[in-house]
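Chains as they are written, first to last, in the numbering used here: chain C, 3 to 308; chain Y, -17 to 490.
Quick caveat, the hints were computed from the structure, so don't treat them as lab data.
Since we're looking at a predicted model, the values are computed, not measured.
Be a bit skeptical, because a hint or two may be false.
Selected chain Y positions facing chain C (Cβ under 10 Å, derived; list incomplete) [stated by the list, open to error]:
no., residue
1, Tyr35
2, His59
3, Met70
4, Gly84
5, Pro89
6, Ile94
7, Ala98
8, Lys120
9, Ser122
10, Val123
11, Lys133
12, Leu213
13, Leu352
14, Ile353
15, Trp355
16, Val358
Some chain C residues flagged as far from chain Y (calculated, every beta-carbon gap over 10 Å) [unchecked claim]:
no., residue
17, Val36
18, Val95
19, Ala127
20, Asn168
21, Asn178
22, Ala182
23, Cys183
24, Gly187
25, Asn189
26, Ala219
27, Thr242
28, Leu278
29, Ala286
30, Ala298
31, Tyr304
Every residue, glycine too, gets a C-beta built ideally from N, C-alpha and C.
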Amino acid sequence: MTFLSEFLRSTIMMSTTFLLAGIGTVFGERAGVVNIGIEGIMLVGSLAGVIGSWMSGSVWVGMLLAMAGGLLVALLFAFFSVRLYSNQIVVGVAINILAIGLTVLIYRGIFGVNGDIPEIDTFHAVAVPLLSRIPFIGSALFDQPIPVYIAYILVPLCSFIMNRTNIGLKVRSVGNNPMACDTVGLNVSRIRFGAVAYTGIMAGFAGAFLSTGQLSAFTENMVSGRGYIVIAAVACGNYTPVGVFLSSLMFGASEALEYRLQVINQSVPTEIWAMLPYIITLIALCVYQKKSNRPACSGTNYERQG
Amino acid sequence: MEFLRMKNICKSFGSAVANNNAELMVNRGEIHALLGENGAGKSTLMNILSGFYRADTGEIWLDGEKVSFLSPQEAIHKGIGMVHQHFMLIPEQSVIENVILGKSENPFVLDIKEQAEKFRHLSQQYNMEIDPWTIVGKLSVGEQQRVEILKALYRNSKLLILDEPTAVLTPQESRNLFKMIRKLSSEGCTVIFITHKLMDITEVCTNCTVLRKGATVYSIPITPSTDKNQLAYQMVGRAVEQEHKKIPENTGEEILRVSDLNYTRPDGASVVKKVNLQVHEGEIVGICGVDGNGQSELIKCITGILKPTGGKVEICNKDCSKLSVKSILRLGVAHIPEDRLKMGMVKSLNLSDNLILMHYDQPPISRHGLIDWHYVQSWGMNICKKNDVRMQSIDQAAGDLSGGNQQKLVVGRELEWNPKLLIAVHPNRGLDISAAGFITNCLIDARNRRTGILLVSTDLDELIEVSDRILVIYNGQISASLTQSEFDKEQLGKLMMGIQTAENKGAV
């Protein structure tokens, strides 16, 4: 009983990192921008979160700094891919390499090469009255840090924005047929810039949650492929916020399972269990290939002639 | 009363001049034809008018006011609506989402239900009922065009620009379109009708402006007595030879036999159903049908690009359902594919590379496994010369040629090897009359040299002109077979739309 309850609890925790980034990425993807730079943006976010929290003593300042950092890197990505029409994948890879080097440089610059791990404020669990007392699932779902609740709220909110509002219609249309949008007078670049910016803010937030919520320190390259899993989660979730929520849960569960199994079954090398989330990602992508919502012009830049 | 005047419009793309002092004057309520060959600058001029491109020089006066559009949005605000030749619709989304997309008065949370009601009223008003909740990709081409027109009207367009609207329609659909255009014009809406079909102009237009090489050369009102040959002369700049020298029927042995051919797509849709057909030496068999009725899959099964799920394809009495594409071509089959840019050529390769795509490993092009480039150069030059491919050099990229010249290159390449069977899919699609005339002549010459030709087209005039027999394909089945004496445009148009007539019920 406690095993399952604990497992559920850490599943929610792990999923939240994927979900926060995924709920942003889904807008960028829908607008036709494939941003594998999410990985790097999350890494920048996790460092910015730690620095902000360390300097101010408040994890919330860290979160805001992470969002700002994520936004900045995303705008860099958008500048090259959306404005200068560079290949989105190449720019994304460049962002990721840049982020690894940059975060290490800044971290060591501030905390020293062999510096002590700084003491920082982190997100603490806050129990929701009443709901957290539901037997079995209550504490797993409703005795969590506040970003988890933010993620819960964002799922229906983003779903509504995507499907029912003017912004959502523009984002979806730009991904499906940018030229048609251009002919009805929409500014394709501006819409894509906006979608990428939002993606960056959410990925920065997710990074901060990783380093100051899930864990309580920054380590070099700590995102370690979670950004790529986010992109996989968006594809598996058929490019909808609700779908991303479900697939994030699955990937979160596989990560949680990894840690549980490492503890329980010590005869197997931990590296085997560490592969689990990535193997599940691969299998999920192969098995679940529904792509009815995949934008028709995904990953292609749009440039008007003349 | 003058509604629109475009003065001295010039526009270049790099070194290519698209418009050179083009002029256009349109009165309110007119149906004004803009006539010109491919590359005459019609679409560029209209894209400038709709704010999509910016003119290098020149002025636009709309309703007595000088305007200058920096974006399509501004043009839309001034009541200019453009229906592009390649529809600017989002096939994945619903009709109503397409219609309201980009309207500046949209609230944050869309009032999509009320807008759908309004749209339904509008579509009923013009007798073009379209369900606003349908996904656009599920509509037929004609219906999509109606959505485009309604989309423009929904934005209160006072000037409607139609870019080659009849290119994709059956005669009946065209007639409905004309009816609607007349109604719009009678309500004070001004229509500019881009075309290179002379028939359209005499049928529906009230005035005509002719563009040639980017400049306005001629402008006249259209009356029943307007001389079509005069228009054609103005468009091309020289007399157009319309006669094709077709020798009487001289069919010989059977070249192609398709029996009970079935094809089911991977998603389970059966798109070719029990098709039977034969093509003989020296015969042109036309296949007519609205796009998407299985003709594309049928051709791909014959040429080996798709593997049929049932039935047999025999070329020269040899079963080729299991052969590779290359071995099928080696049997003496030539293929002018439906999309020259996607299937007919490699845009980024130069002309000689494109000319040897199929026969690169055959003597005399290749000897001892090496390509003889000297030979290829002179051989390629010769093909280009014979087929009137206008180029700067044999080393230029094929994608830089104009559409007509690209097609002449493909046709020249395919006919160079004197094929036994030629499969030609939409060979004249999007070509102007001089290029189309040239290619039609190539087909007839090949027929006269006893090549068997299977010709797929949606253009009934073309089919009736060259075919010895016409098969109608509807919903994956050959629904009718007509011999030359039975050709009738009306009748074919009905059959294409699946309307069975009494005389044809029993056929095939």
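Please verify that the nearest CB of chain Y lies beyond 10 Å from asparagine 178 of chain C's CB. violated (5 Å)
Does the claim that alanine 286 of chain C lies outside the interface with chain Y hold up, using a Cβ gap greater than 10 Å? holds (22 Å)
Please verify that the nearest CB of chain Y lies beyond 10 Å from valine 36 of chain C's CB. The claim stands: valine 36 of chain C keeps its Cβ more than 10 Å from every Cβ of chain Y (closest is about 17 Å).
Would you check whether the claim that alanine 182 of chain C is not at the interface survives, using Cβ distances to chain Y and the 10 Å cut-off? violated (4 Å)
Hinted contact valine 358 of chain Y with chain C - closest CB pair below 10 Å: violated (33 Å)
According to the definition I'm using, a residue is off the interface if its beta carbon is farther than 10 Å from all beta carbons of the partner; does glycine 187 of chain C meet that for chain Y? violated (3 Å)
Against chain C, with CB atoms and a cut of 10 Å, does the hint on methionine 70 of chain Y hold up? holds (4 Å)
Just double-check alanine 219 of chain C for me: nearest Cβ-Cβ distance to chain Y has to come out over 10 Å. holds (41 Å)
Let me know if the C-beta of histidine 59 of chain Y comes in closer than 10 Å to any C-beta of chain C, holds or violated. Histidine 59 of chain Y check passes; min Cβ-Cβ to chain C is 8 Å, inside 10 Å.
Interface hint check: tryptophan 355 of chain Y, Cβ to nearest Cβ on chain C, cutoff 10 Å. Holds or violated? At about 33 Å, which exceeds the 10 Å cut-off, the nearest Cβ of chain C leaves the hint on tryptophan 355 of chain Y violated.
Does the closest beta carbon of chain C sit nearer than 10 Å to the beta carbon of lysine 133 of chain Y? Hint on lysine 133 of chain Y: holds, closest Cβ of chain C at ~8 Å, below 10 Å.
Given as non-interface: threonine 242 of chain C, partner chain Y, CB spacing beyond 10 Å: It holds; threonine 242 of chain C is separated from chain Y by about 13 Å at its closest Cβ, greater than 10 Å.
In this structure, the earlier hints numbered 7, 8, 9, 10, 12, 13, 14, 15, 16, 20, 21, 22, 23, 24, 25, 30 are contradicted, and the remaining ones agree with it.
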